[in-house]
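Student: Spelled out from the first residue to the last, the chains are:
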Amino acid sequence: MQSSTATAGVAGVPHRPQVAAHFASLEVQNHAARLGMWLFLATEILLFAGLFVIYANYRFLFPEAFALASRELNLNMGTFNTLLLITSSFTAAMAVHYAKEAKNKQVVLMFVLTILMALGFLVVKYFEYSHKFHEHQLPGPYYAFPGLTLPGASAYFTIYFLSTGLHAFHVVIGMIVLGWVTLKAMRNEFSHHNYTAVELGSMYWHLVDLVWIFLFPMLYLI
Amino acid sequence: MNELLNNILFLPEQASTFAERVDRLHYFVISVTMLSSLVVGTAAVFFFFRYRRRKPNQATEYVVPSVKTEFLFVSLPLFFFLTWFVIGFRDFVFVSTPPKDAMDVYVMGKQWMWKFSYPEGPNGVNVLHVPANRPVRLLITSRDVLHSFFVPAFRIKMDAIPGRYTQTWFEATKPGTYQILCTEYCGLSHSKMLGEVVVLSAEEWDAWVKEQRKGALQNRQDALADLSLEPHPARMAEQGQKAAAEVGCFKCHTVNGEPHIGPTFLGMYGRTETLDNGRNIRVDEAWITQSMMDPGAHLVAGYPNVMPTFQGKLTGPQTAAIVEYIKTLRTPDIRTGASQGPTYEPIQ
Amino acid sequence: MSPSSSIAAEPGAVPAPDEHHEHHPSYLVDGTTLKSWLLTLDHKRIGVMYLIWVLLFFLIGGIYALVVRLELLTPGPTIIDAMTYNRAFTMHGVVMIFLFMIPAIPGAFGNFMLPLMLGAKDVAFPRLNLLSLYLLLTGAVIAIWGMINGGMDTGWTFYTPYSTHTTTTVAPILFGAFIIGFSSIATGLNFIVTTHTMRAPGITWFKMPLFVWAMYATACIQVLATPVLGLVLLLVVGEHLFHFGIFDPAQGGDPVLFQHLFWFYSHPAVYIMVLPSFGVMSEVVATFSRKNIFGYRAVAFSSLGIAFVGFFAWGHHMFVSGQSTFNAGVFAVLTMLVGVFTAIKVFNWVGTVYKGAVDFKTPFAYFCGFLYFTVFGGMTGVAFATASLDVPWHDTYFVVAHFHFIMVGATIMAFMASIHYWFPKMFGKMYHEGWGLVSAAFIILGFNATFIPQFLLGNAGMPRRYYEYPERFQTLNVASTAGASLLAFGFLISAIYLTYALVYGRRAASNPWRSRGYEWMTESPPPTHNFVGPQPTYPEEPHFYVEPKKAEVPDAV
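Protein chains in written order, with the numbering used here: chain A, 300 to 521; chain B, 9 to 356; chain C, 5 to 561.
Think of the hints as simulated: they come from the structure by calculation, not from any bench. Predicted, not measured: the structure shown is a model, and the values here were computed from it. Virtual Cβ for every residue (Gly too), placed ideally from N, Cα, C. You may find that some hints are simply not true.
[Said to hold, decoys possible] Pairs of lysine to any residue residues, derived as SDA-like cross-links and limited to a Cα-Cα distance of at most 20 Å, are as follows:
(1) 424/A with 373/A
(2) 431/A with 375/A
(3) 431/A with 288/B
(4) 359/C with 91/B
(5) 200/B with 80/C
(6) 118/B with 151/B
(7) 63/B with 550/C
(8) 200/B with 56/C
(9) 200/B with 85/C
(10) 359/C with 49/B
(11) 431/A with 280/B
(12) 76/B with 358/C
(13) 359/C with 77/B
(14) 211/C with 70/B
(15) 359/C with 59/B
(16) 359/C with 66/B
(17) 200/B with 187/B
(18) 211/C with 308/C
(19) 182/B with 358/C
(20) 424/A with 347/A
(21) 359/C with 60/B
(22) 359/C with 182/B
(23) 359/C with 75/B
(24) 359/C with 56/B
(25) 359/C with 55/B
(26) 200/B with 134/B
(27) 433/C with 29/C
(28) 424/A with 379/A
(29) 431/A with 464/A
(30) 433/C with 504/C
(31) 433/C with 532/C
(32) 424/A with 468/A
[Unchecked claim] With beta-carbon atoms standing in for the labels, derived distance ranges:
(33) 434/A with 171/C: 31 to 39 Å
(34) 74/C with 94/B: 39 to 47 Å
(35) 315/A with 70/C: 55 to 63 Å
(36) 253/B with 429/A: 44 to 52 Å
(37) 185/B with 434/A: 55 to 63 Å
(38) 131/C with 287/B: 47 to 55 Å
(39) 429/A with 102/B: 55 to 63 Å
(40) 468/A with 504/C: 48 to 56 Å
Build out the structure end to end from the sequences listed, making use of the hints.
Tutor: Next comes the structure, spelled out in structure tokens:
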């Protein structure tokens, strides 16, 4: 989605980015990039919306099983993960701020922190998943948790794994995208004239965080 | 007029009260459609000739529709569409609302046949007998995948969904035999899943019912015919309780939740049981039926393998009735989830 | 570069050819290596590649259709067995919908024309555009591989629980469709951003050609609806492979939930298929009537209206699935609204011909077929929406006839019109007009002969997806198959003379139709960067024909 390319900064001074031939001006190019990213975020929201609908449907059909199954989740880990992601969103936003001021070193720092927190999120998720595997709290036919045998319990865990799995997949993608933008920052590319890549990467990261902010109450709190 | 349109449009005969209503709307819609298409088409063709290009660079007038014209173009179709909606929705509500005194028939679609069962009568495979001029409610489900119960002559259709019951109803107006077709793709022999509704006049119906009760066999396609000579209780669940008592189920299964020689019937339906091979299953009609026919095949863990088989001792309808009976034994806080067991309530 | 002669002052006139040919080669010859095509960022080349591939997919889908129709010549087995038949109709649907109908007009003509119509040099994201094409091809390869390895037999709607239990090759085909979904999203995203950000100075929203409005509405649907399909495809493939039980009643799942999620995409999807064709028809009718569009804003807004209301109508596919009567009523009314928007368009198109100057060329012949098919197809849609009429018709051949009237009748007529209307624009050549009219006649007549019997079959009660059928349906089935061969013959004729024209056709003028469409304000075929010389001056409004222009490009080269 990026159309702007910037040549690597020489002696620490970021260059003006090139405007692609078909755009009227740099402003138009940046505007187009931002609009494109917003539209892409809209598609991601609709993707996850389907999973929320599925949850709602089965929650209505199996209210007790779902309520009890949700108690089985580790609220501490979930809350910690939520705090991690929210903080990582903050650092991502700070990165945009620093990029506008051409402070590329701070941009790198902020994004590295974001990626580390994402990694922490995934590590916590790993512990949560392995606990579930251990307890046989698994999707569909693999469900064998003796502590909850109401019908519908396996559906809960199917939805749990599908939603958090899809979300974790997007976390990984976000890490890769941010990693790539970090590399560009290391080459000192960003400045007031050119911070679009930072902004778009950060927007994507905010979406990943936003999805979790909805997933967390849906799975852990209700 | 009705006959003429019926023939031109290749419609099947109208053999139910709903068919007559549906066809009336059909004729209304199609005549307006044909007429308006004719008008639009004629106008268009006329324009093509009248306004053909006479010079290569011919200029044309700048025509802007007045608000009145646009309003007309919007309101005229909208008027017709909404009229049709009102009529159509009224008829749709009609076919979705069985009358209070409707006779119930249970329909089960299964790859690739239809099974019918009456609360107080025999069951049949692929052939459904009903009286004329009496409303009949169909309670439809499926054993496996989606099917759809369609009788063109009655113009009724309803999907057969595994795990739940759907309902529709009809009142047949003419004695005769009408085809049933499956209208939801269900696999290899979807197009062979045909059946028949045999509509009998009042006297013929009474005679037929008497025959069934006497045990005389007519055109059965399998051995699921009910050979019992006694009149049966009206509801399947009561039938099932009676059958269970007769063949001795209660010797090993309680109905109050206490464990005994076998798992308790209370809350059995819909429960997730762990089998002796470690697998989990969710108890449904198929599993209960199999447990009666082949108990050792899927034994619940923790129970001895002492249940005798009832193959040959219980007829098909009796087995189904026992299943229905077990389904009524639910604790208040266990939902049967997506499988909405039949409630057997008379229509309110 | 100063244009010469008196042509210069005319708005929209193309600079005289001689001065520019040698400096600005057409996009077709600007780079002749395979790599320059395969890695092009030029929206025109991408459009041409889309065109080639969707035509190939159309052929594949068409072959499946012929197999199906041949099998239906007799009530019993004819040429293939039941399982093969079940696969054949499934593959016909999957290939036609996902590999042809969804990408065709947006991918081939949207790509080519949108920047030209907006006075832009390219779409907003050319690399994404190329990726879009390759995603379509990747998904198609995966799906076709699945087809070759047996193919699935669930019907293109792959309802659960059958689709999660069947042993046929569901996974690769649905996964291929999943990849193609990304292509669709990318195209939609690109078009929306292009429309917002790349209009030339002077082209405001209400000076955009109606094709752009239609593509914009289509793009909105593509972006918002396709992700839900993506999710559903993923879930069904997952359930097929791992048996999660989300849609399987034996494990507490809900098959009707699948239907809701599936149709939430698939109903707007039919508007993805048909809205672009409405846009093309607006262009064609204005050009060949040589007249302004009757009610420009109404047509523009009705495109948006269809896109919007189309999202709320999905339940009309589920009237007999056991959902509540109230639901059915809501969906029925909302579906009617879409009919109103379509009616607005039909009246405005006919109104455009009023007091026009009709030149009955091949694209206009397709417009005639299109008009008739849209009215009939659309009216049967309204009839379905009454809910009670849907009860006997659901899942019978009446449905099949209805959607083929719209998808083949409307969309493919528009697709053929696009090819013929924009043939000189894209390739600089002209096809033989006589053969154009002949093939249009065959296609329109063949189409009627194929699908009108199917309306009657549906009335008579013949269900869809039937391999064998009761004997009383045979006559109509034979009639339908006969029609199908006429239809196929018509397409064959057009394939022949169009290919001939591509190679040996006479060189076309830059604007042979004397159209005032913005895409004609540059040479045909256009140079790589679309516009050379000064920015074209745009007229007061699109499709504006009030005064004759002194010259709209001399005829022959």
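Student: So, for every hint listed, does it hold in this structure?
Tutor: Status of the hints after comparison with the structure:
Between the alpha carbons of residue 424/A and residue 373/A the distance comes to roughly 10 Å, so the proposed pair stays at or under 20 Å and holds. A threshold of 20 Å between alpha carbons decides the hint, and for residue 431/A with residue 375/A the separation of about 15 Å falls inside it, so the pair holds. Between residue 431/A and residue 288/B the alpha-carbon distance is near 17 Å, which keeps this suggested pair within the 20 Å criterion. With a C-alpha separation of about 33 Å, the suggested pairing of residue 359/C with residue 91/B is violated against the 20 Å cut-off.
Taking the CA atoms of residue 200/B and residue 80/C, the gap is about 10 Å. The hint holds against a cut of 20 Å. For the given pair, residue 118/B sits about 5 Å from residue 151/B by alpha-carbon distance, which is consistent with the 20 Å threshold. This hinted pair checks out: residue 63/B and residue 550/C have alpha carbons roughly 14 Å apart, not beyond 20 Å. The hinted pair formed by residue 200/B and residue 56/C fails the criterion: a straight-line CA distance of about 41 Å is larger than 20 Å.
As the CA atoms of residue 200/B and residue 85/C are separated by approximately 13 Å, the hinted pair is consistent with the 20 Å bound. Distance restraint check for residue 359/C and residue 49/B: the Cα-Cα separation of roughly 16 Å lies within the 20 Å cut-off, and the hinted pair is therefore satisfied. Proximity of residue 431/A to residue 280/B is assessed by CA-CA distance (about 19 Å); at most 20 Å being required, the pair is judged to hold. This hinted pair checks out: residue 76/B and residue 358/C have alpha carbons roughly 17 Å apart, not beyond 20 Å.
Between the alpha carbons of residue 359/C and residue 77/B the distance comes to roughly 16 Å, so the proposed pair stays at or under 20 Å and holds. Restraint check: the Cα-Cα separation between residue 211/C and residue 70/B comes to about 16 Å, which is no more than 20 Å; the hinted pair holds. At most 20 Å may separate the alpha-carbon atoms for a hinted pair to count; residue 359/C and residue 59/B meet this at roughly 6 Å. Taken as a hint, the residue 359/C and residue 66/B pair is honoured in the structure, with Cα atoms around 11 Å apart against an allowance of 20 Å.
About 12 Å separates the Cα atoms of residue 200/B and residue 187/B, which keeps this hinted pair within 20 Å; it holds. In summary, the hint linking residue 211/C to residue 308/C is supported, as the alpha carbons are separated by about 16 Å, within the 20 Å threshold. For a cut-off of 20 Å, the pair hint linking residue 182/B to residue 358/C is broken: about 53 Å separates their Cα positions. Restraint check: the Cα-Cα separation between residue 424/A and residue 347/A comes to about 19 Å, which is no more than 20 Å; the hinted pair holds.
For the hint linking residue 359/C to residue 60/B, the alpha-carbon distance of about 9 Å falls within 20 Å, and the restraint holds. Among the hinted pairs, residue 359/C with residue 182/B is inconsistent with the structure: their alpha-carbon atoms are about 57 Å apart, more than 20 Å. With a C-alpha separation of about 19 Å, the suggested pairing of residue 359/C with residue 75/B holds against the 20 Å cut-off. Distance check on the hinted pair: residue 359/C and residue 56/B sit about 10 Å apart at the alpha-carbon level, within 20 Å; holds.
For a cut-off of 20 Å, the pair hint linking residue 359/C to residue 55/B stands: about 8 Å separates their Cα positions. Simply put, residue 200/B and residue 134/B have alpha-carbon atoms about 11 Å apart, close enough for the 20 Å limit, and the pair holds. Restraint check: the Cα-Cα separation between residue 433/C and residue 29/C comes to about 16 Å, which is no more than 20 Å; the hinted pair holds. In summary, the hint linking residue 424/A to residue 379/A is supported, as the alpha carbons are separated by about 11 Å, within the 20 Å threshold.
Restraint check: the Cα-Cα separation between residue 431/A and residue 464/A comes to about 13 Å, which is no more than 20 Å; the hinted pair holds. Using a Cα cut-off of 20 Å, the hinted pair residue 433/C and residue 504/C holds, with the two alpha carbons roughly 10 Å apart. Between residue 433/C and residue 532/C the CA atoms are separated by roughly 17 Å; this keeps the pair inside 20 Å, and the hint holds. Between residue 424/A and residue 468/A the alpha-carbon distance is near 12 Å, which keeps this suggested pair within the 20 Å criterion.
The supplied range of 31 to 39 Å is met by residue 434/A and residue 171/C, whose beta-carbon atoms lie about 33 Å from each other. Distance hint for residue 74/C and residue 94/B: a CB-CB separation of about 44 Å, consistent with the stated range 39 to 47 Å. For residue 315/A and residue 70/C, the hinted distance range of 55 to 63 Å is satisfied, since their beta carbons lie about 59 Å from each other. Separation of residue 253/B from residue 429/A is about 51 Å and conforms to the stated range, judged on CB atoms against 44 to 52 Å.
Remark: the range hint 55 to 63 Å for residue 185/B to residue 434/A is upheld by a beta-carbon distance near 58 Å. Take residue 131/C and residue 287/B: their Cβ atoms lie about 51 Å apart, and the range 47 to 55 Å holds. The hinted window of 55 to 63 Å between residue 429/A and residue 102/B holds, with their beta carbons roughly 57 Å apart. At about 50 Å, the CB distance of residue 468/A to residue 504/C agrees with the hint of 48 to 56 Å.
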